[in-house]
Amino acid sequence: MEGPLLDFFRAARGAGLRISPAESIDATRAVQVVGLADRARLKDTLSLVLAKTPEEKRAFAEVFDLFFRRGEFGGAQADAVPGEPPADAPQGGEGEGGEGEGGGGALARMLLADDRAALAAAVEQAAQEAGLSNIALFTQVNLFARRILERMGLQALEREIAAAPDGDRADRLRLGRDRLRGQVREFVEQALLLYARGETEAFRERLLQRTRLSAIDRRDHERMRVLVRAMARRLATQYGRNRRRDRRGVLDVRRTLRRNMGWEGIPFHTVWKQERIQKPKLVVLCDVSGSVAAIAQFLLLFLYSLNEALSGLRSFAFSGNLVDVSDLLEHLPIEAAIPEVMARAGFGSSNYGMALADFEREHLRLLDSHTTVIVLGDGRGNRTDPRTDILARMAERSKQIVWLNPEYRTLWGTGDSDMPRYAPHCRVAAVCNTLQHLERVIGELLRDGG
Amino acid sequence: MSIPWHGLLSSIEATEAGLQSAGYIANRPISTALYLAHHLRKPILVEGPAGVGKTELAKAAAAWLGLPLIRMQCYEGLDESKALYEWKYGKQLLYTQVLKDRLGSVLGEEPGLDAAMRRLHGVSDLFFSEEFLEPRPLLRALREPGGAVLLIDEVDKADQEFEAFLLELLSDYQVSIPEIGTVRAEVAPLVLLTSNSMRDLGDALKRRCLHLHIGLPEARLEARIIASRVPGASEDLRRQLVAFVQQLRTLDLKKLPSVSETIDWARVLVLLHAPQLDHGMVRETLNVLLKFESDIEAVAPQVNDLLLKARREAVPVR
Numbered sequence: 001m002e003g004p005l006l007d008f009f010r011a012a013r014g015a016g017l018r019i020s021p022a023e024s025i026d027a028t029r030a031v032q033v034v035g036l037a038d039r040a041r042l043k044d045t046l047s048l049v050l051a052k053t054p055e056e057k058r059a060f061a062e063v064f065d066l067f068f069r070r071g072e073f074g075g076a077q078a079d080a081v082p083g084e085p086p087a088d089a090p091q092g093g094e095g096e097g098g099e100g101e102g103g104g105g106a107l108a109r110m111l112l113a114d115d116r117a118a119l120a121a122a123v124e125q126a127a128q129e130a131g132l133s134n135i136a137l138f139t140q141v142n143l144f145a146r147r148i149l150e151r152m153g154l155q156a157l158e159r160e161i162a163a164a165p166d167g168d169r170a171d172r173l174r175l176g177r178d179r180l181r182g183q184v185r186e187f188v189e190q191a192l193l194l195y196a197r198g199e200t201e202a203f204r205e206r207l208l209q210r211t212r213l214s215a216i217d218r219r220d221h222e223r224m225r226v227l228v229r230a231m232a233r234r235l236a237t238q239y240g241r242n243r244r245r246d247r248r249g250v251l252d253v254r255r256t257l258r259r260n261m262g263w264e265g266i267p268f269h270t271v272w273k274q275e276r277i278q279k280p281k282l283v284v285l286c287d288v289s290g291s292v293a294a295i296a297q298f299l300l301l302f303l304y305s306l307n308e309a310l311s312g313l314r315s316f317a318f319s320g321n322l323v324d325v326s327d328l329l330e331h332l333p334i335e336a337a338i339p340e341v342m343a344r345a346g347f348g349s350s351n352y353g354m355a356l357a358d359f360e361r362e363h364l365r366l367l368d369s370h371t372t373v374i375v376l377g378d379g380r381g382n383r384t385d386p387r388t389d390i391l392a393r394m395a396e397r398s399k400q401i402v403w404l405n406p407e408y409r410t411l412w413g414t415g416d417s418d419m420p421r422y423a424p425h426c427r428v429a430a431v432c433n434t435l436q437h438l439e440r441v442i443g444e445l446l447r448d449g450g
Numbered sequence: 001m002s003i004p005w006h007g008l009l010s011s012i013e014a015t016e017a018g019l020q021s022a023g024y025i026a027n028r029p030i031s032t033a034l035y036l037a038h039h040l041r042k043p044i045l046v047e048g049p050a051g052v053g054k055t056e057l058a059k060a061a062a063a064w065l066g067l068p069l070i071r072m073q074c075y076e077g078l079d080e081s082k083a084l085y086e087w088k089y090g091k092q093l094l095y096t097q098v099l100k101d102r103l104g105s106v107l108g109e110e111p112g113l114d115a116a117m118r119r120l121h122g123v124s125d126l127f128f129s130e131e132f133l134e135p136r137p138l139l140r141a142l143r144e145p146g147g148a149v150l151l152i153d154e155v156d157k158a159d160q161e162f163e164a165f166l167l168e169l170l171s172d173y174q175v176s177i178p179e180i181g182t183v184r185a186e187v188a189p190l191v192l193l194t195s196n197s198m199r200d201l202g203d204a205l206k207r208r209c210l211h212l213h214i215g216l217p218e219a220r221l222e223a224r225i226i227a228s229r230v231p232g233a234s235e236d237l238r239r240q241l242v243a244f245v246q247q248l249r250t251l252d253l254k255k256l257p258s259v260s261e262t263i264d265w266a267r268v269l270v271l272l273h274a275p276q277l278d279h280g281m282v283r284e285t286l287n288v289l290l291k292f293e294s295d296i297e298a299v300a301p302q303v304n305d306l307l308l309k310a311r312r313e314a315v316p317v318r
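Protein sequence lines, in the order shown, are assigned to chains A and G.
Here full-length UniProt numbering is used: the first residue of the first sequence is 1, the next is one more, and so on.
Here full-length UniProt numbering is used: the first residue of the second sequence is 1, the next is one more, and so on.
Among the clues, some could well be false.
As the list claims (entries may be wrong) - Restricting the straight-line Cα-Cα distance to at most 20 Å, the calculated cross-link-like pairs of lysine to any residue (SDA-like) are:
(1) G:LYS206 <-> A:ALA230
(2) G:LYS206 <-> A:ALA22
(3) G:LYS255 <-> A:GLU264
(4) G:LYS91 <-> A:GLU264
(5) G:LYS88 <-> A:ARG259
As the list claims (entries may be wrong) - Quick list of the computed label-pair ranges, beta carbon to beta carbon:
(6) G:ALA298 <-> A:ARG421: 47 to 53 Å
(7) G:GLU161 <-> A:SER20: 18 to 24 Å
(8) A:ARG29 <-> G:ASN27: 30 to 36 Å
(9) A:ARG39 <-> G:GLY181: 44 to 50 Å
(10) G:TRP87 <-> A:ILE334: 49 to 55 Å
(11) G:ALA298 <-> A:GLY413: 49 to 55 Å
(12) G:ARG28 <-> A:ILE266: 56 to 62 Å
(13) A:LEU5 <-> G:GLY181: 47 to 53 Å
Just so you know, the hints here were simulated from the structure itself, not pulled from any lab data.
This one's a predicted model, so the numbers in the text were calculated from it and none came from an experiment.
Here a beta-carbon is modelled for each residue, glycine too, at the ideal position from N, C-alpha and C.
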């Protein structure tokens, strides 16, 4: 019983479920309790033990069906076969000159007899020997297909075809060989789907986290969206954590006395003074002008997700004039919100001075000593007045200013970049052009209260 | 183990029938979860939207198995002294006051301070014994001689630290009290934790639990639930109101009505002696189903269409 179950765990891990050894033990015990007879019951049981979020439940149901649909074929066919695995097939994947007369002969016999059940069993057996369940990347399909065929005795078969006198027999063998190739390939692709989907996904996701935001391909946008959301949620959990810390050793006399009033003021309970960790209030200014349009999409996406997760976030977008987009992000669904923001503020040529002036005129009162201002932009104002004086005033009023720039540091100050002039007023001025950067900077901000 | 209720959980079908006898209509995953929880000695973590019967499941299980239900509502700032145990300070103080006079006679004959201290050490444990222990829900559940159903409600509202504190209890059904030692459950309680996904629970906690997700029920199940909870509703009414609510759930609303709202609505309609749904009555009682003004405003103009469809689609109940 353990064998198929272990294979299933591997497949489930492939589908992105995190199954720890402890959970696989639990699952095995659970299956012992309910038995294997009833498929629906087995599914319920494993789902209870292995899948721990609604998303995981969905992924689980999918992989369960896929896995056991495949198992059904194997089972039905295995019944029909008395079982003559090609045990004497050439060993070693690269075995060039393997003899394998028996194997080759058996293979030829099976092909000639068109014994599908025996062929399927042989493929299954060879796949197990080749370690097919370790397949991880789509580039390995050909490799595994070749190994399986070799183990089944392809070379001996080729020799037999070559040696066979022209005519019916050779033609039939050739036809059978080609069909077998196709079948094995299909089999391997199915295994890839089963075991390696999570692996491939994880690989792509890791890659995406490190790719420059502006260089991300359109077809990856959906995946990015998921990543960004997960990140925002993670950050929000961190943010929502307990914001108080006991300062042990510093007695809060007033509260201690009050707590112990019932016992004539004899201090059974000591109450320590607490320090409150400030939750940062965030005001975000996001440049969405033409020069950063590619990256702005993702910054807005991030803003949107962050807005879902944190309360009291004020966001503004600008290229020339500053537009308050808090309401848009709050009320519109994401598909509508981002194009709407871009339509209102985007694609112009940026003018930081004007945007800062707008902010000072209308929104400066948002800033107080708890507020952190985050500016997302490249600091290229097309040679307009940078108005660093306003930024200086904002820095004075607020707790700090954090400037995240998608450009590499070496480019700061070249051409029309005003970055070196802005930077002195910011507590942090950092390069931020991948998801990892973004997460690190914002995470630090939220952790120590800015 | 000779636990009287052990036999009741002999199979998944028996579990389902048992829950039904307590007025809880369970679908297959739910009864499987309860069955496994008992046989694997594992807690169940129940997640799902508000009002789908997460808490109700614990109540029904307790009623059916004839066990006491011990409920602990979680909230921010919940700590050990409220969840596990506390010393009865008042009683300790009172006893020391009352015994003050006796102390003199106990210590009187000792010659020096050291000897008196030694003597005192001998009796000091008196005040930190079972007598002065005030058990809170978790400890009560462990010490219940015949077992219990422990409901840890809305665990996501408690702090992360508390979650970590629960781990020992959930994996071994034991807790450590420094002054007394380890308290282990004679009969492991059935533990249910509920969560509304206010925040993500830690992996360590999730790993120790069976994870049950209860969603909004499909029409047939919901009709059975109504039949069981509001027996006064006529079959016609039941079909129509379930079909109506099912349709409401397909709309884009702030808060979708869940089972508890359907039950409330059915009760209201029964109270109003409604033989079946009609337009005016639905309009007037919409506030039972929908909890946001904006939702009510959004639905009100569509009531007629929904009603027509509901009448057409009303599903027959088995």
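Hints, verified against the model:
For the suggested pair G:LYS206 and A:ALA230, the alpha carbons sit about 18 Å apart, so the restraint of at most 20 Å is met. For the proposed pair G:LYS206 and A:ALA22, the alpha carbon gap of about 12 Å is at most 20 Å, so the pair holds. Restraint check for G:LYS255 and A:GLU264: the C-alpha separation of about 50 Å exceeds 20 Å, so the hint is violated. Proximity of G:LYS91 to A:GLU264 is assessed by CA-CA distance (about 14 Å); at most 20 Å being required, the pair is judged to hold.
A distance of roughly 15 Å separates the Cα atoms of G:LYS88 and A:ARG259; the hinted pair therefore holds under the 20 Å criterion. Roughly 51 Å separates the CB atoms of G:ALA298 and A:ARG421, a value that falls within the hinted 47 to 53 Å. About 23 Å separates the C-beta atoms of G:GLU161 and A:SER20, a value consistent with the hinted range of 18 to 24 Å. Range check, A:ARG29 to G:ASN27: Cβ separation about 23 Å, and the 30 to 36 Å hint is violated.
Distance hint for A:ARG39 and G:GLY181: a CB-CB separation of about 47 Å, consistent with the stated range 44 to 50 Å. For the pair G:TRP87 and A:ILE334, the supplied restraint of 49 to 55 Å holds, since their beta-carbon distance comes to about 53 Å. Take G:ALA298 and A:GLY413: their Cβ atoms lie about 54 Å apart, and the range 49 to 55 Å holds. Hint check: G:ARG28 to A:ILE266, Cβ distance near 58 Å, so the stated range 56 to 62 Å holds.
Take A:LEU5 and G:GLY181: their Cβ atoms lie about 40 Å apart, and the range 47 to 53 Å is violated.
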